[in-house]
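For the record, the sequence lines run as chains Z and L. In terms of our numbering, the first sequence opens at residue 1 and continues consecutively. In terms of our numbering, the second sequence opens at residue 1001 and continues consecutively.
Bear in mind the hints are in silico, worked out from the structure with no lab data behind them. Some hints could be false.
[What the hints assert, rightly or not] Partial selection, computed: residues in chain L whose CB lies under 8 Å from chain Z:
{"id": "1", "residue": "I1115"}
{"id": "2", "residue": "V1119"}
{"id": "3", "residue": "T1148"}
{"id": "4", "residue": "L1163"}
{"id": "5", "residue": "S1169"}
{"id": "6", "residue": "W1170"}
{"id": "7", "residue": "Y1171"}
{"id": "8", "residue": "L1592"}
[As the list claims (entries may be wrong)] With beta-carbon atoms standing in for the labels, derived distance ranges:
{"id": "9", "chain 1": "Z", "residue 1": "Q99", "chain 2": "L", "residue 2": "S1056", "range": "19 to 29 Å"}
{"id": "10", "chain 1": "L", "residue 1": "A1511", "chain 2": "Z", "residue 2": "A52", "range": "44 to 54 Å"}
{"id": "11", "chain 1": "Z", "residue 1": "Q99", "chain 2": "L", "residue 2": "P1311", "range": "42 to 52 Å"}
{"id": "12", "chain 1": "Z", "residue 1": "K170", "chain 2": "L", "residue 2": "A1511", "range": "41 to 51 Å"}
{"id": "13", "chain 1": "Z", "residue 1": "D62", "chain 2": "L", "residue 2": "A1361", "range": "35 to 45 Å"}
{"id": "14", "chain 1": "L", "residue 1": "S1445", "chain 2": "Z", "residue 2": "K170", "range": "49 to 59 Å"}
{"id": "15", "chain 1": "Z", "residue 1": "Q112", "chain 2": "L", "residue 2": "S1056", "range": "36 to 46 Å"}
{"id": "16", "chain 1": "L", "residue 1": "S1094", "chain 2": "Z", "residue 2": "R178", "range": "49 to 59 Å"}
{"id": "17", "chain 1": "L", "residue 1": "G1372", "chain 2": "Z", "residue 2": "K170", "range": "29 to 39 Å"}
{"id": "18", "chain 1": "L", "residue 1": "D1194", "chain 2": "Z", "residue 2": "G74", "range": "45 to 55 Å"}
{"id": "19", "chain 1": "Z", "residue 1": "R165", "chain 2": "L", "residue 2": "T1081", "range": "35 to 45 Å"}
Predicted model only: the values in this text are computed from it and were never measured. Ideal Cβ positions, reconstructed from N, Cα and C, are used throughout, including at glycine.
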Amino acid sequence: MRTACALAALMLMTVAAAAVDMIPISIKQLTERADLVVRGTVSEKSCQRDPAGRVYTRVKLDVTEVLKGARATGPFTVVHGGGVLGVQRSEVSGQVDYQLGEEVIAFLVLNQRGEGVTVGLSQGKFHVWTDPASGAQLARNPFHGGAVTAAAPGSAAQPAAARLRVDDLKRQVTEAGR
Amino acid sequence: MNRFSFNFRRAVNFLARATGKLFGSSRARLVWVVVLALAPLCARDARAFVVTLNDSGQPLRWNFTSSDPSLVDTNIVNPKTKAVRLYFAADAYSTTNTAAELNALRASFGQWQSISGTVIKFEEGGLMGPGADVNVMDNTNVIFWAKTSTLVNGGLDNISGALAVTFKSWYDGTLLLAEADMAINGVDSQWFTDFNDTANPNYFIEATVCHEIGHFLGLLHSPVGGATMLYHGGSGISVQAGLSSDEIAAARYLYPQPGLLSTLGQVQGKVTMNGAGILGAAVYAEDPTGAIVSGTVTQTNGQYALPALPPGSYRVRVTPLDPFSNISTLLQGLNISPDYETAEGGFIPSTNHSVTLAPGASVTWNVAVTKGTPAFRITRIRPPSTDPNHFVLTQLPGDIALGAANLIIGVYSPSFPATGATLTVSGDGLTVGPTVFNGNPFPGSGYTLLSASISVASNATPGLRSLVVTQGTNIAYANGFLKIRTAFPDYNFDGLDDRFQRQYFSVFTSAAAAPGADPDGDGFNNAQEFLAGSDPTDPKSVLKLESVTLNSSGSTIAWLSGTGKRYQVMSRDDIAKSPWRTNAIVTGTGALTQYTDASATNNFRLYRVQAIP
Chain Z
1 MRTACALAAL
11 MLMTVAAAAV
21 DMIPISIKQL
31 TERADLVVRG
41 TVSEKSCQRD
51 PAGRVYTRVK
61 LDVTEVLKGA
71 RATGPFTVVH
81 GGGVLGVQRS
91 EVSGQVDYQL
101 GEEVIAFLVL
111 NQRGEGVTVG
121 LSQGKFHVWT
131 DPASGAQLAR
141 NPFHGGAVTA
151 AAPGSAAQPA
161 AARLRVDDLK
171 RQVTEAGR
Chain L
1001 MNRFSFNFRR
1011 AVNFLARATG
1021 KLFGSSRARL
1031 VWVVVLALAP
1041 LCARDARAFV
1051 VTLNDSGQPL
1061 RWNFTSSDPS
1071 LVDTNIVNPK
1081 TKAVRLYFAA
1091 DAYSTTNTAA
1101 ELNALRASFG
1111 QWQSISGTVI
1121 KFEEGGLMGP
1131 GADVNVMDNT
1141 NVIFWAKTST
1151 LVNGGLDNIS
1161 GALAVTFKSW
1171 YDGTLLLAEA
1181 DMAINGVDSQ
1191 WFTDFNDTAN
1201 PNYFIEATVC
1211 HEIGHFLGLL
1221 HSPVGGATML
1231 YHGGSGISVQ
1241 AGLSSDEIAA
1251 ARYLYPQPGL
1261 LSTLGQVQGK
1271 VTMNGAGILG
1281 AAVYAEDPTG
1291 AIVSGTVTQT
1301 NGQYALPALP
1311 PGSYRVRVTP
1321 LDPFSNISTL
1331 LQGLNISPDY
1341 ETAEGGFIPS
1351 TNHSVTLAPG
1361 ASVTWNVAVT
1371 KGTPAFRITR
1381 IRPPSTDPNH
1391 FVLTQLPGDI
1401 ALGAANLIIG
1411 VYSPSFPATG
1421 ATLTVSGDGL
1431 TVGPTVFNGN
1441 PFPGSGYTLL
1451 SASISVASNA
1461 TPGLRSLVVT
1471 QGTNIAYANG
1481 FLKIRTAFPD
1491 YNFDGLDDRF
1501 QRQYFSVFTS
1511 AAAAPGADPD
1521 GDGFNNAQEF
1531 LAGSDPTDPK
1541 SVLKLESVTL
1551 NSSGSTIAWL
1561 SGTGKRYQVM
1571 SRDDIAKSPW
1581 RTNAIVTGTG
1591 ALTQYTDASA
1601 TNNFRLYRVQ
1611 AIP
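The task is simple: from the sequences and hints, build the whole structure.
As structure tokens, this is what we get:
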């Protein structure tokens, strides 16, 4: 059953705010718990209903690099609970949020349908961004990688150790996956 | 809304089918993307404690009192009893402690229901068989442990790394909650139920579930250190196990009984910096005893509100949350909710502003904060200990009992100055010693530490005190991060010691455990049996004289007693004319306690034994 949430555009929206009692997962643990670690870009996003009536979000990820797991690059489907269908919103506290066009490194387990499910809700997605000051490619999730925004001129610089370079993240994944 | 609500679900389904036909096209997908992009612009999250509001100022919440069955199924909110219905998974967490685990769930919901002045009410619809899972569209509020896999919600979500997760659905325009499920992580975490097992390293069910019920009821995380809704909790019997004044205010604001809010007060206003409202500034109300009563964060436009405060005097202040970093922070905007990830943290804490709230009053305090980087921030807590050389580092609040003496407390920061900084604790009844600086408590960590000894008077006022570091005009707060415990635990606010209720009742919040109840029908209610040290579930266990023996030493009176309980022995020689006089105050030494009245003679004398606090 494939229903849609186009009607939601007409509705007054609120932000799905996350709230969950979380324990930080290390990059090593994330890697160990993941069936698949991939780098890619979000190319499509839709809201649907599963056969049991659950509202969920389906994310198409164009995979450019596979850091762990056996699969080829190219389109891959990631799902997560929650979304808006009609006038009713479904929310999962602490949920991951994939933005259209966003580049990510995703730690995924496969569900019974072979779809990717993000490990530990929002913890399993690292947003990849480029520091305009240094040109370095950086990654971050809620517990690793520091702020996305570059330090404003004249403000106190963020400690370098807070930043997580994509190369370092990839290295940690590779080492944990051995 | 009501006009169209007669067949709302049917309409939703129809529209869903209709739009489903469109959805195969890329155009429909494009519409969805636009919706997601617009959503943050409409965010209006903030009140004391933190809730989600729509543009009309309506908060996300249940309708307990007049729920419309066409919107919310009668299996979700029972319109007859006006209670939210719950279904617990019968297999709970373990195979050996199942009943206690289910009772811990009941007690957790019972705690929220115990908040006076609210319409919060829960009822059990029944137990679920094996295989319970999340589905917030199935008209059943389910609470269960995920035990074999962290994949839940029909394989849509992986809850690894979370102690528990609450799933909700609601109507978008009115923010009317329609259903909620709770999955507790039984794969990655271990759970226990015994409140007296203070050394247990696992997670106390009631603490985590009380937190999740806050989300279930519509709350986001709180910026108050000792709040149950702080973004994370510790293992063991943590401060989160009992609801704080912040959750009480939240419950009264969201779910007030008629007329309640007119008896309470509110502080509201706007926080600006360089003339513009700022997002995510933390605003706290502290009472005259130095306890944080409630806290919130500002909305995008700088607006805030601290509603449902008891009438009285408060000091209100604004302090910055920490910037997003994985290095060392105590509380970031992201810890409140992802909507606050970009919370403004680059300003100097305000001074305290005094307000007095009359019943029903709303006082406005607008404040302009000064842009700048604080000279130092408190980024970790050193919990109270007796060992001055034992360094522990945590993001959780500490707690101290009344009467505790010479404990060491402290706070950490990457940037405390080596000289001139002073650590204090807000409020009355505390003796805080000189501040000791340690520039390298954990070699290589970059932390500095300020410590001090602390003693708490036995008559100090319990509450969530704040740790404060000052150096000249520089100041940093850990708001509500030191809890002064009450004389005894009373998480259901009924005045009776929870330990007594937990000892004799499987659910300490149940009606049978209430102070005025007399479940064994012996004529003594629970409060009286607590005083007497008797068993409230055994009609034979009551305070009564067992024997009076007269010999050459005097008369010896023996009575059924409880260890540690206090009794007043009284006597008089004439049943009508002489007054009762107190012979002695005796502390119970076991199931039977006795007292010898050496002044007794071979004559008539009446005795009375009275249990006293």
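Checked hints:
no. : hint                           : in the structure
1   : I1115                          : violated (19 Å)
2   : V1119                          : violated (22 Å)
3   : T1148                          : violated (13 Å)
4   : L1163                          : holds (4 Å)
5   : S1169                          : holds (4 Å)
6   : W1170                          : holds (6 Å)
7   : Y1171                          : holds (6 Å)
8   : L1592                          : violated (47 Å)
9   : Q99(Z) - S1056(L): 19 to 29 Å  : holds (28 Å)
10  : A1511(L) - A52(Z): 44 to 54 Å  : violated (37 Å)
11  : Q99(Z) - P1311(L): 42 to 52 Å  : holds (46 Å)
12  : K170(Z) - A1511(L): 41 to 51 Å : violated (59 Å)
13  : D62(Z) - A1361(L): 35 to 45 Å  : violated (57 Å)
14  : S1445(L) - K170(Z): 49 to 59 Å : violated (27 Å)
15  : Q112(Z) - S1056(L): 36 to 46 Å : holds (42 Å)
16  : S1094(L) - R178(Z): 49 to 59 Å : violated (35 Å)
17  : G1372(L) - K170(Z): 29 to 39 Å : holds (38 Å)
18  : D1194(L) - G74(Z): 45 to 55 Å  : holds (53 Å)
19  : R165(Z) - T1081(L): 35 to 45 Å : violated (57 Å)
Hint compliance for this structure: hints 1, 2, 3, 8, 10, 12, 13, 14, 16 and 19 are not met, and every other hint is.
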